[in-house]
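Protein chains: 10
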Amino acid sequence: MSDKPNPKFLGQNAALPQTPEAAELDYVPNPRAGTLYLVRFAAPEFTSLCPVTGQPDFAHLVIDYAPEATIVESKSLKLFLGSFRNHAAFHEDCTVGIGQRLFDEMKPKWLRIGGYWYPRGGIPIDVFWQSGAPPEGLWLPDQGVAPYRGRG
Amino acid sequence: MSDKPNPKFLGQNAALPQTPEAAELDYVPNPRAGTLYLVRFAAPEFTSLCPVTGQPDFAHLVIDYAPEATIVESKSLKLFLGSFRNHAAFHEDCTVGIGQRLFDEMKPKWLRIGGYWYPRGGIPIDVFWQSGAPPEGLWLPDQGVAPYRGRG
Amino acid sequence: MSDKPNPKFLGQNAALPQTPEAAELDYVPNPRAGTLYLVRFAAPEFTSLCPVTGQPDFAHLVIDYAPEATIVESKSLKLFLGSFRNHAAFHEDCTVGIGQRLFDEMKPKWLRIGGYWYPRGGIPIDVFWQSGAPPEGLWLPDQGVAPYRGRG
Amino acid sequence: MSDKPNPKFLGQNAALPQTPEAAELDYVPNPRAGTLYLVRFAAPEFTSLCPVTGQPDFAHLVIDYAPEATIVESKSLKLFLGSFRNHAAFHEDCTVGIGQRLFDEMKPKWLRIGGYWYPRGGIPIDVFWQSGAPPEGLWLPDQGVAPYRGRG
Amino acid sequence: MSDKPNPKFLGQNAALPQTPEAAELDYVPNPRAGTLYLVRFAAPEFTSLCPVTGQPDFAHLVIDYAPEATIVESKSLKLFLGSFRNHAAFHEDCTVGIGQRLFDEMKPKWLRIGGYWYPRGGIPIDVFWQSGAPPEGLWLPDQGVAPYRGRG
Amino acid sequence: MSDKPNPKFLGQNAALPQTPEAAELDYVPNPRAGTLYLVRFAAPEFTSLCPVTGQPDFAHLVIDYAPEATIVESKSLKLFLGSFRNHAAFHEDCTVGIGQRLFDEMKPKWLRIGGYWYPRGGIPIDVFWQSGAPPEGLWLPDQGVAPYRGRG
Amino acid sequence: MSDKPNPKFLGQNAALPQTPEAAELDYVPNPRAGTLYLVRFAAPEFTSLCPVTGQPDFAHLVIDYAPEATIVESKSLKLFLGSFRNHAAFHEDCTVGIGQRLFDEMKPKWLRIGGYWYPRGGIPIDVFWQSGAPPEGLWLPDQGVAPYRGRG
Amino acid sequence: MSDKPNPKFLGQNAALPQTPEAAELDYVPNPRAGTLYLVRFAAPEFTSLCPVTGQPDFAHLVIDYAPEATIVESKSLKLFLGSFRNHAAFHEDCTVGIGQRLFDEMKPKWLRIGGYWYPRGGIPIDVFWQSGAPPEGLWLPDQGVAPYRGRG
Amino acid sequence: MSDKPNPKFLGQNAALPQTPEAAELDYVPNPRAGTLYLVRFAAPEFTSLCPVTGQPDFAHLVIDYAPEATIVESKSLKLFLGSFRNHAAFHEDCTVGIGQRLFDEMKPKWLRIGGYWYPRGGIPIDVFWQSGAPPEGLWLPDQGVAPYRGRG
Amino acid sequence: MSDKPNPKFLGQNAALPQTPEAAELDYVPNPRAGTLYLVRFAAPEFTSLCPVTGQPDFAHLVIDYAPEATIVESKSLKLFLGSFRNHAAFHEDCTVGIGQRLFDEMKPKWLRIGGYWYPRGGIPIDVFWQSGAPPEGLWLPDQGVAPYRGRG
Ligand SMILES: [Ca+2]
Ligand SMILES: [Ca+2]
Ligand SMILES: [Ca+2]
Ligand SMILES: [Ca+2]
Ligand SMILES: [Ca+2]
Ligand SMILES: [Ca+2]
Ligand SMILES: [Ca+2]
Ligand SMILES: [Ca+2]
Ligand SMILES: [Ca+2]
Ligand SMILES: [Ca+2]
Ligand SMILES: [Ca+2]
Ligand SMILES: [Ca+2]
Ligand SMILES: [Ca+2]
Ligand SMILES: [Ca+2]
Ligand SMILES: [Ca+2]
Ligand SMILES: [Ca+2]
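Residue numbers (the working numbering), protein chains in the order written: chain A, 8 to 159; chain B, 8 to 159; chain C, 8 to 159; chain D, 8 to 159; chain E, 8 to 159; chain F, 8 to 159; chain G, 8 to 159; chain H, 8 to 159; chain I, 8 to 159; chain J, 8 to 159.
So here's chain A without its partners, still in its complex pose:
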């Protein structure tokens, strides 16, 4: 299979980027280039700020993509998601924006993101975006995040 890889962040100590703009994502060669397959990341440790009140928001994010020439190295993804810690945006904006940046930079065959936000005012918002209809022949399971149900 593949040779010894040489990622920028994995196996290194790296400080959290101060803003999403400052965060660098590390795209490494796709070890199975030419093959149609799906990669899924589940990121339950996500927090940003409300653009109106400045209060912290929390979300559980799930990202699916079908790689083309590169895959995103997961430690750089972790640092990128961590860089939203002091970033303010609406749930809808934040979720779609993360998906679109990954799509624009990595240029995968296809990508989608589900953002499952914690309730505010008793009502959570979930946001679902994909870059287009999924490629023919791609296997794409449900993300399977439990719906919010209140109490009882």
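Check the hints yourself; a few may be wrong.
DMTMM-like, lysine to aspartate or glutamate: derived pairs with alpha carbons at most 20 Å apart [as the list claims (entries may be wrong)]:
1) K15/F with D100/E
2) K116/A with D149/A
3) K116/I with D111/F
4) K82/F with D100/E
5) K116/E with E80/D
6) K116/J with D100/H
Just so you know, the hints here were simulated from the structure itself, not pulled from any lab data.
On the provided structure of chain A, position chains B, C, D, E, F, G, H, I and J with the ligands as indicated by the hints.
Frame of chain A; chains B, C, D, E, F, G, H, I and J with the ligands shown alone:
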């Protein structure tokens, strides 16, 4: 076993009382008086108002008691709980108050109430009150309400 | 272990008794007499009638007991429980009554019954009775019936 | 991403509207206009009145939509849903009506609503409405509300 | 929305019909006529008799339909389902028969019924019938009844 | 609905057949002939033998079919499944063989079988067979058997 | 820690014993003799015969014990449990008998067995036996087997 | 019951405190002073920093206490927990420290805190602290947070 | 059905291969050749090494395939999967590589693999590959592995 | 709270130790010394070898302890657990041995370990050891690992 009972509300149409004070609870003879046993009510349809903001609050209530001379008829209990619809009180106050009124009026051997409130500010409050240590020999299962877990 | 048993109903066709009074429970010799152990029956197929409105009621019953000289044969138990189909009684009365009849007739070391009734007016009633404190050294797991939670 | 937003209700104190007609929904610019994506709200804190008996009803509502020019601000949605507290309507009418008002006012690409009502007479009603077939290429997960199962 | 409705059974006391033939279903005007939507009833309190042995059978029923001119009032549905208490039929016959009667009388756009029967001989039977292919554009979630799994 | 049926095994005592070949399945008239519907059996009590080691194997089987002229009576099905107790076959062979015999004998419109085997060497095998593409307009829910997950 | 062990059955091919009497349990030296700890076996693959009807019965067994000089090797336990395949006994007899044989032969500090049987006549039986009160200081978690719940 | 309360933060806009030291907790009069009861907060939105690597940590916190003269107002609790966003501490230190500050300032009858941290290196840490043995007669349910299980 | 099979590893003792290259998979004749069906393996006991840090990785693998001339014997599959114990590869590479080797050697009609990896840096990766679009008429249930959810 | 800590492994790259004997555990000062509290580690990524067959074994481990002067740093614990990758021992031996080494070296007030092993021969073994009766006043929740249930 027991004769044909004659409750005040069950099998009748009855309007919702306007306040908790206006609600009448119907205590009927305990059909197994002299026996130590437990009755549990689960009431997931409860709503009251916040005393500071006036906004609606919601809770799932579970009431356990060991009857003495009477049992509370469940339709009158439903009407009593419904009477909090326009009542304003803190979660702690409301939950304990319901338990104490039932205990004071019905005079059971023992009673407890668990109030499982919907989250506010991302943090739900649960309130647990009992009238004292449970009687020796009473069988008392857990109430088993699922904890709040946010998302993901 | 034990010889070929000869129960009254098991392996035979038997009509449903018309009333609880008409039902005969079959107590067979305890094959492990002299041993302290627990037998549990779960009976999710139970129905009776409301003594006020005449409407059907439904319950999930769980019965635990520590045998003495006899055990109750489960087909006769099934027929006994089926005999409540046209019997009218309050939830509290019905549940405790079933437990007490089994206790009085079988004379086990100890017995308890949990009755988990379907909601009426949005509020289910659960009833828990035991014949006394459980014997020392008896292993007695929780009945583990899921609490009622409404919707969502 | 987007500038500092200026919603009408979020970050402000606002009284509960007295009727659905009196409630104003706040539609703010879609921060990702031109993008096909889905927004989901889960609202387990919903209550209205029965048009025949006047008794309270409760529901868990889930609303999905694909934004066009605007998105609905969630605090205004919360206040709108709260305005049904003293409104009387059949389950079918109430659920579809909420969906149709949002659709008519917001003019999203597409919208659907699921209403999961608490049981009455032992039988809950669920109501499912959508504005038409979902747009091609929209990612639309199941709402995943647990079915009613009675007891046991 | 709709005027004050006037159903035959809701808000009234009504005895259980003796047979399915004697039961009258109450069809009231569809408050959202002209709209394509789905109504779901979950009925976990169903019992009938085995046509061979005469023993009671139990089922959990779920009915889905898309209304045309009328909707079925849920209290009349409850009474109709209750009328099978002394009716004998195979699981397959009983389930499909309930669906077909509702379909023939109410004339909805479309209807289906799932019957989830309690195990006999260790093997439960589930029965699934629909009146035809579902209408285009109807939103139709899974019924989501948990499969039977034995023990462990 | 249908007349009093007269099955071969239901309501009778019947010994377990010694081999699958010796087992007779009882096909009774379809009480809803001419109607397209689905029947599901869940059989968690299945055991056979490993053809290599002779050790017992266990499986949870689920069978779905759309009846044509007959339905299979469930007690005869139980006896047929029990007849594999001393039969040796690979998981794949055994599961597909049961489905094919039922399909060949009963001649339903369509049939499928899922065999969910207990783990061997830490790895369970599941086998899924169907007689062809399902008929148009048949309602066919997932079988919903939980996947094997090891521990933790 | 311990030397290379030499069990009788593990790592060997071994035929299934024809009866429980013919089965030999392999007790190997306790590798942590002198220490108070608990060993738990979960055995969901158990089957025996009904002593009245001759039909197969199935159970999920869980055995807990605190070793003294020896521990029971798990492959010999598997063979012992498999030897009940053609053995006829009541649920109560069978469960307690397995526990007592292990206790009598192995002479552990303490032992218990839970037998969770599949339903017959709609009613499963669970059997719980222990050799006495558990030793002081032994950590003894619940067995956590899900209760039978019927359908829905 | 109680008069109109006047909390410092609830119903007001309030910025997130920069450090735990800067956060002020609002203790309001106990509306049921003199009564022994339990209050539970579940706070799944908690984040702090690792004192060695500076990377974000996440936790789900659950706090239980028995009030004496005051209760803690939940919005001030939310702000206090939010103030750990830029605070660095070991999991053990952070969890116990939050519990001890609340205990020292509020002086309840009793208090405990459970900190359920997200995995690092594949291994999550949970921390459990209480101020002493719980008071006699206090009803104290389990916190019921699901254990970490990895995948599968 | 099929004759006595003669696999290479099943029923034999066999050492773990040192590398994936050294592992031999045993393909035995398909006992239902000519039939379109699906075989599923769930393998929660999988471990390999990280190619950058050399630390152990863990995964839960699920493999689905539609056999052509042969099926893979499950003990040889277990040994093959075990041979990755000292093999270093990225998650994406490892998962797809296992699927492709099985597909290339066995030449089934179709094959897919889901790799559900344990979290690293708080973020698990799942990988999904299939050999092409599934054959028409193949029944292919979801793999149903629970998503990662963090804590709470 | 505490100063900047200086652990041996956390934040450093470190190779996996070749044997348990070669692994060094890093005990750092207890940041809340003098306080009675509980620390729990869940480690679902554990593998060792069978001492008889040499085949890999897998377990989910949960360790609870009440710190005295030191706490164990979790990265060193991860490396220690990883060092069993090529170590051969019985389940009972391995589980108790890990607990006893931690107890002997760290000298906490109290410690326990639960080992939940993957099934072999269809039967998983769980092992539970504690260093003695838990200290008075320690809060000690259940470990809550789901029991093994086979299939279905
Ligand atoms: Ca909101
Ligand atoms: Ca709820
Ligand atoms: Ca709050
Ligand atoms: Ca009631
Ligand atoms: Ca109704
Ligand atoms: Ca049920
Ligand atoms: Ca049957
Ligand atoms: Ca295998
Ligand atoms: Ca699906
Ligand atoms: Ca696992
Ligand atoms: Ca029985
Ligand atoms: Ca760690
Ligand atoms: Ca990672
Ligand atoms: Ca969470
Ligand atoms: Ca074993
Ligand atoms: Ca099972």
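Between K116/A and D149/A, is the straight-line Cα distance small enough, at 20 Å or below? Holds, at about 19 Å.
Would you check the hint for K116/I and D111/F, treating anything up to 20 Å between C-alpha atoms as holding? violated (24 Å)
Take the C-alpha atoms of K116/J and D100/H, compute the straight-line distance between them, and say whether it is at most 20 Å. Holds - the C-alpha atoms of D100/H and K116/J are around 18 Å apart, at most 20 Å.
CA of K82/F to CA of D100/E, is that 20 Å or under? Given pair K82/F, D100/E holds - Cα atoms ~17 Å apart, limit 20 Å.
20 Å Cα cutoff - pair K116/E, E80/D: violated (35 Å)
Next pair to validate is K15/F with D100/E; report whether the Cα-Cα distance is within 20 Å. Holds: K15/F and D100/E sit about 19 Å apart, inside 20 Å.
Checked against the numbered hints given earlier, this structure breaks hints 3, 5; the rest are met.
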